[in-house]
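The primary structure of each chain is shown beneath.
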Amino acid sequence: MLKGHLDMIVLAALSAGPAHGYAVIEEIRRKSSQAFDLPEGTIYPALHRLEQAGLLSSRWVVAKSGRQRRVYSLTRRGERALTERRAVWQQFSEAIGGLLAGVPPHGNAA
Amino acid sequence: MISEYLDALQAALDFDRSLSRRVRNEFEDHLREAMAADPSKDRWEAERRAIARCGDPRAIAAELAVISLAKRTKRLATSVVLVLLGVLLAMKGHIAWYAAMQWVINDDMKPLATSIGAIARYAFWMATFVGAAGWAYGSIYRLPSDYFHGKYSRHLYRFCLISGAATAALLVSVISDGALAIIRMVSMTPSLAFFVPILSIAFELAGAGALVVLIHALARRAMFTADLQKTWSYH
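Residue numbers (the numbering used here), protein chains in the order written: chain A, 3 to 112; chain B, 6 to 240.
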């Protein structure tokens, strides 16, 4: 289920500012209160795909450790896509919330 | 242990050198960062955990391979259009040269030249029409986040067919154009002026040949990626 929303999750994690892959994973964990703990390697295909779609841009920087580091940031198109996806998710979430609120507790079903 | 993991990842992506280098650097940075953040004092254990959290390198490569393929597909779609444009300019260029040099076709060869000229023209417009359709088909496809390899393979197969048809028509056009040049020059005394149409037709042939090579490479890569996906995809 998480996989289907990975793009939105990655875009949301990058909305705070540019970050490298590991920092994106950490941000996802932190913002989801550790609820989303995906295999870390899966983040890179998502980052590459979003970059190819023009929603992210990336560049090499040299980290404090001296290692080469690829840093990703949202493009304007990516910001717009995130805003749209947030709105769709909000609607979906409210609809499901309303639906589930009417579900009788276990054992009370007719 | 990290080196072995990175080697496996790089080897699985070996078909795309720039991608494999980039991914290796990204994963090396990631794994070292994960190790540094690991609370364990045991370096070996920290390495093992960092690698385990990353997932299978071949499964990651399978996903990255599809993305690389999508990029190559768009590149080929653009190449077809650029080659068609280049061939059109080259054809117009040497036709203008024939006019400037007042090279005419012998009367007895005119019926044959007219037929070949028609083949060259119609084949070129067919290549343009099919090539434009291929460009549109190859460019508009968006790789979804939960891509299903069967669906994408069918898209690629159709794209290769369309591009192949456009290239075949272009080859017919270029060969006909070459035949026309031979008909025109065969009764003339060789001179340095011959180099203009010869070089122009060589350029056209090189363009069409490059497309054949690119289509073949894309088809091979698509097969390789499909195998990788079937074996190692997370889906």
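Bear in mind the hints are in silico, worked out from the structure with no lab data behind them. Where hints are given, some of them may not hold.
Footprint (simulated), chain A over chain B, 3 or more residues, beta carbon under 8 Å [stated by the list, open to error]:
#1 92 to 106
#2 130 to 141
#3 214 to 221
Here's a subset of chain B near chain A, in silico, CB distances under 8 Å, partners left out [what the hints assert, rightly or not]:
#4 Asp-34
#5 Arg-37
#6 Met-40
#7 Asp-43
#8 Ser-45
#9 Asp-47
#10 Glu-50
#11 Asp-112
#12 Pro-116
Just so it is clear, CB atoms sit at the ideal spot from N, CA and C, and this is done for glycine as well.
Here is how each hint holds up against the structure:
no.	hint	result
1	92 to 106	violated (count 0)
2	130 to 141	violated (count 0)
3	214 to 221	violated (count 0)
4	Asp-34	holds, 5 Å
5	Arg-37	holds, 6 Å
6	Met-40	violated, 11 Å
7	Asp-43	violated, 12 Å
8	Ser-45	violated, 17 Å
9	Asp-47	violated, 20 Å
10	Glu-50	violated, 17 Å
11	Asp-112	violated, 58 Å
12	Pro-116	violated, 53 Å
Checked against the numbered hints listed earlier, the structure breaks hints 1, 2, 3, 6, 7, 8, 9, 10, 11 and 12; every other hint is satisfied.
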